[in-house]
Amino acid sequence: MRTPFLMAGLLLLAAPAQAADDHPRSTYVTLVLQAFAAKVQCPGTDVVYQDLVQKAQQMQLPDGTTEQVRKAIAFMHTGGKMGEKQSDDVMAEVAVATQATDLDQRRLGMSNWCEKQKTNLAGLIRSKGG
Numbered sequence: 050m051r052t053p054f055l056m057a058g059l060l061l062l063a064a065p066a067q068a069a070d071d072h073p074r075s076t077y078v079t080l081v082l083q084a085f086a087a088k089v090q091c092p093g094t095d096v097v098y099q100d101l102v103q104k105a106q107q108m109q110l111p112d113g114t115t116e117q118v119r120k121a122i123a124f125m126h127t128g129g130k131m132g133e134k135q136s137d138d139v140m141a142e143v144a145v146a147t148q149a150t151d152l153d154q155r156r157l158g159m160s161n162w163c164e165k166q167k168t169n170l171a172g173l174i175r176s177k178g179g
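Take the sequence shown: its letters are residues 50 to 179, numbered as in our numbering.
There may be inaccurate statements among the hints.
As the list claims (entries may be wrong) - Only pairs whose alpha carbons sit at most 20 Å apart, straight line, appear in this in silico SDA-like list of lysine to any residue:
| id | residue 1 | residue 2 |
| --- | --- | --- |
| 1 | Lys167 | Val89 |
| 2 | Lys167 | Leu152 |
| 3 | Lys88 | Leu157 |
| 4 | Lys120 | Asp100 |
| 5 | Lys88 | Gly158 |
| 6 | Lys120 | Ala141 |
| 7 | Lys134 | Ala144 |
The set of hints was computed from the structure by calculation and includes no laboratory data.
Here the structure is a predicted model, which is why all the values come from computation and not from measurement.
Just need the whole structure built from these sequences, with the hints factored in.
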């Protein structure tokens, strides 16, 4: 019975690695989702929206990508009460990023995950007031 769960977990772990090579937007969606998750779940952490926009520009993503991703994350994580539904591919990328992030948080524990994000998301998250 564990094999299907193990395989699903391995696929989720492999998805971001493949996404980095083939789909820069998927990588970006994961970064944005993790940045907002850190803001919500890690005490003393904040996100500067302009930093996310600059990262999208560095990754040569189309203008408006940050806002699409933000709206998709808000829509998915509030059950449609906030944000706006985006294209199916963006919504799917948010779903995969959510699953991968949830898996990481469970595997590492929330305090370890938060600590790891300070390094992984340097330049995208900051200490509040800093």
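Going through the hints against the structure:
no.: 1; hint: Lys167 with Val89; verdict: holds, 14 Å
no.: 2; hint: Lys167 with Leu152; verdict: holds, 18 Å
no.: 3; hint: Lys88 with Leu157; verdict: holds, 17 Å
no.: 4; hint: Lys120 with Asp100; verdict: holds, 17 Å
no.: 5; hint: Lys88 with Gly158; verdict: holds, 16 Å
no.: 6; hint: Lys120 with Ala141; verdict: holds, 13 Å
no.: 7; hint: Lys134 with Ala144; verdict: holds, 12 Å
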